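J.: From just these sequences and the hints, can you work out the full model?
Sequence lines, in order, name chains A and B. So in the numbering used here, the last spot in the first sequence is 761, and the numbers never skip. So in the numbering used here, the last spot in the second sequence is 370, and the numbers never skip.
Hint data in this document are derived by calculation from the structure and do not stem from the laboratory. As the structure is a prediction and not an experimental result, all values here were calculated from the model. Beta carbons are placed, not taken as given, at the ideal position from N, Cα and C, and that holds for glycine. There may be inaccurate statements among the hints.
[Said to hold, decoys possible] Facing chain A, according to a computed beta carbon distance under 8 Å, are these residues of chain B, among others: (1) Thr179; (2) Gly243; (3) Ser266.
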Amino acid sequence: MSTALAISRRAGCVHVPAFSLQAAARRDLALRGVPLALEGEGPLRGRVVECCARAQDEGVQEGQTLAQARAACPRLRILQADASALAGARHDVHEALLEISPRIAWSGQGTFCFDATGLHRLHGSETSMLVAAVEALRGRGLVARAAVASTRFVATLAARARPGACVVRAGHEQALLETLPLRALAPPLRLEQVERLELLGMRTVAQFSRLPPDGIADRFGREVARLLLACRGEEPAPLVALPATDLPRAVREMDEPLAGLEPLVFLLKSCCEELADRLAQRGMTAARLEIRVALDGGGEDVRVLTPSRPLAAAKTLLALARLELEERRLRAPLIGLALSILEEAPLRGLSGELFGGSLDVEALASAVDRVRALVGSDSVVTPAPQAAHRREARVGWSAYAPESAMRAAIATPDEEPPDDLVAGERLLDPPMLACVRLPAAGRPGEIVLPTAERAALPLCGRADIVACAGPVRLMGEWWDGGADVDRDEYLLVLATGGALRASRDRRSRSWTLLSVLD
Amino acid sequence: MTSTVLDALLGSRIRRGTHETSLPTEGLLETGIPDLDAFIGGLPRGRTCEILGPASAGKTTLLLSLLRQAMSPGATARDGDAAPRSRAGGACGSPEEEVRAGGSRAVALVDLSRTVFPGGRWAQGRLLVVRPKSAELGLRALDVLLSSASFEIIALVGSLPRGLPEALRVRVARLCREAGTSVVACGEHPVFSSCCALRLELDPLPDGVVVARVTKNRQGPLGERRLLLRHFPRLRVDAQVSPLRLVGQEVA
Numbered sequence: 244m245s246t247a248l249a250i251s252r253r254a255g256c257v258h259v260p261a262f263s264l265q266a267a268a269r270r271d272l273a274l275r276g277v278p279l280a281l282e283g284e285g286p287l288r289g290r291v292v293e294c295c296a297r298a299q300d301e302g303v304q305e306g307q308t309l310a311q312a313r314a315a316c317p318r319l320r321i322l323q324a325d326a327s328a329l330a331g332a333r334h335d336v337h338e339a340l341l342e343i344s345p346r347i348a349w350s351g352q353g354t355f356c357f358d359a360t361g362l363h364r365l366h367g368s369e370t371s372m373l374v375a376a377v378e379a380l381r382g383r384g385l386v387a388r389a390a391v392a393s394t395r396f397v398a399t400l401a402a403r404a405r406p407g408a409c410v411v412r413a414g415h416e417q418a419l420l421e422t423l424p425l426r427a428l429a430p431p432l433r434l435e436q437v438e439r440l441e442l443l444g445m446r447t448v449a450q451f452s453r454l455p456p457d458g459i460a461d462r463f464g465r466e467v468a469r470l471l472l473a474c475r476g477e478e479p480a481p482l483v484a485l486p487a488t489d490l491p492r493a494v495r496e497m498d499e500p501l502a503g504l505e506p507l508v509f510l511l512k513s514c515c516e517e518l519a520d521r522l523a524q525r526g527m528t529a530a531r532l533e534i535r536v537a538l539d540g541g542g543e544d545v546r547v548l549t550p551s552r553p554l555a556a557a558k559t560l561l562a563l564a565r566l567e568l569e570e571r572r573l574r575a576p577l578i579g580l581a582l583s584i585l586e587e588a589p590l591r592g593l594s595g596e597l598f599g600g601s602l603d604v605e606a607l608a609s610a611v612d613r614v615r616a617l618v619g620s621d622s623v624v625t626p627a628p629q630a631a632h633r634r635e636a637r638v639g640w641s642a643y644a645p646e647s648a649m650r651a652a653i654a655t656p657d658e659e660p661p662d663d664l665v666a667g668e669r670l671l672d673p674p675m676l677a678c679v680r681l682p683a684a685g686r687p688g689e690i691v692l693p694t695a696e697r698a699a700l701p702l703c704g705r706a707d708i709v710a711c712a713g714p715v716r717l718m719g720e721w722w723d724g725g726a727d728v729d730r731d732e733y734l735l736v737l738a739t740g741g742a743l744r745a746s747r748d749r750r751s752r753s754w755t756l757l758s759v760l761d
Numbered sequence: 119m120t121s122t123v124l125d126a127l128l129g130s131r132i133r134r135g136t137h138e139t140s141l142p143t144e145g146l147l148e149t150g151i152p153d154l155d156a157f158i159g160g161l162p163r164g165r166t167c168e169i170l171g172p173a174s175a176g177k178t179t180l181l182l183s184l185l186r187q188a189m190s191p192g193a194t195a196r197d198g199d200a201a202p203r204s205r206a207g208g209a210c211g212s213p214e215e216e217v218r219a220g221g222s223r224a225v226a227l228v229d230l231s232r233t234v235f236p237g238g239r240w241a242q243g244r245l246l247v248v249r250p251k252s253a254e255l256g257l258r259a260l261d262v263l264l265s266s267a268s269f270e271i272i273a274l275v276g277s278l279p280r281g282l283p284e285a286l287r288v289r290v291a292r293l294c295r296e297a298g299t300s301v302v303a304c305g306e307h308p309v310f311s312s313c314c315a316l317r318l319e320l321d322p323l324p325d326g327v328v329v330a331r332v333t334k335n336r337q338g339p340l341g342e343r344r345l346l347l348r349h350f351p352r353l354r355v356d357a358q359v360s361p362l363r364l365v366g367q368e369v370a
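T.: Below is the structure:
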């Protein structure tokens, strides 16, 4: 006998009442316990659009003018909508719910829906799943309600109507709708539509769901008819999950301006730990990091850090941020700090790092970053020779990547001929003018430097030339990037034992010292 | 199998893998120049060394050879004392005496003169080059690199002030010992003085040969040896050739 495995779809919903108000007030400890209301924008300016439960208890209602609200509750604090705070709260809720379910959708009005099918196995039960969601939001300063049901619509109604966590078991949706008043459908139902339906004798959502859809569509429009079908269990649209591509961000705001590095490092530490946690959850590392500091008196200080290798450890992130702020101090006390990952990279191990020896790439990367902060990024490099026939044009540098050292430790050796050594040639930068007479017919040559003694030169003032090699003619025209070069190069050996590379310009016949062989 | 046996089999490798303890702090690092290795055995690991000499003496050539050798995956460091050994003699070549070390850690060059360009493929993308704008910054960078214990060798090229504070010299020597990193200073005059474990002075001769003198060696002998460093081609002067046709020819 075969058993058909029926998978019942389950949908969860988290509702944050007065979402805009909570988003605007959650970072301000001074607003805790104070009756709050949110003033509307545009045509609703001057009116209350959201208020907290404490304000409602004292008689404040949505739609009142500000004067009416203040008359009802003299202690009322009225806040303005803050778009950035709202976006931050949405981001935080999304991040928090990603720990519960991989598919989250924003439904508007402070409501987030998620796919809860099969998640009771992961969290133990649906109740513990909802409790975890509510607690996760509480940790981010938001009071929320949560529900789970067979459809998103029913879960949303339950989350809006029932405090705490509400589990609607499969097949019990109708029983819930029997208990919900018709006003639970507003919004999206408008208040005048609710009143018209009440005039028809409708008191509960279940009664509304039993009306004929065609008649409702004729009298109230298609939107209300679709609402009715949703009450019957027909989902109006599939769940469209938010892309989980928002990069991790940690924000701290201060009540008082903060001066000095030590308190800032304290804040940075908590931000770095939060970012490291989120990166670990995502299995990613930070390839580029931004420190954005809001300064007292207006203005911002923005630093972008590019570590020498993607980082995941909070300690290393903190060391990097601290070095940057030590190197260039803030010009004013700060009132806000945001640490954002601008670019992330997958977390990966290096082949052979278990038995590759004693190279700790994290420690190496940290040291390289510290040296960069000390001497500047352009001074911490690795050779990158260019293909050029002019000696000075072969010099090229590129940024040093610590993984390269690891690769060097475990890679097979290059097939480089052993005699391709290593000539220790030090390029003079800039090249140095000189007067040169080449040796000829048993007579030694001579080199005279018109300038004073210079370090790294094997002569002081003048010296005899006992041998030379050359000329090697070098010309540069259109094939050489427009370099105007027409010269003969010589290798000069001095009586003192030193060796130089010099060139004679064929047009001006002037001599230039290019390098010292050392 | 007892834990003692397991520890004997795997202990050292596990410790190195988890970076807890026991960085290699003993042994000698080959210079990549067989004559010199046969003479002094190599540069001491975890110590400060100096290569001194006038310009064109071959210091940079020797230093780059040393760095290249240290970055080679097959590089070896010899264990034990620094008695001069001969490759041909077989005393240093036995696998039992060689401890795999080179290539397991990074290699850095702190170039105070900002004139050295290691152009070979061995250095491309692998050698960390720090080009500070002052000697003070260079010393601070050296301190940071040493503290990370991630480097096999750190070379210091360029002129440092003669009178480095004693505290600084002692600190560098201590960090070298703890990290197992060799610091090789390359210049015209001594830098580490009493803290230096090996001082090698190079003296160029006009025919391209260099005389290497060991004037200080805590682990081996003193003395001098003539080396052919090939840091520039030896030239033959032909007196019969007119100036316009004077062409130096490299002697094979």
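J.: Run every hint past the structure and note whether it holds.
T.: We went through each hint and held it up to the structure:
A distance limit of 8 Å between C-beta atoms decides the matter here; for threonine 179 of chain B the minimum to chain A is near 4 Å, and the interface restraint holds. Contact between glycine 243 of chain B and chain A, as hinted, is supported at the beta carbon level, the nearest pair being about 5 Å apart and thus within 8 Å. Taking 8 Å as the C-beta cut-off, the interface hint given for serine 266 of chain B holds, the closest approach to chain A being about 3 Å.
Hint compliance for this structure: no hint is broken.
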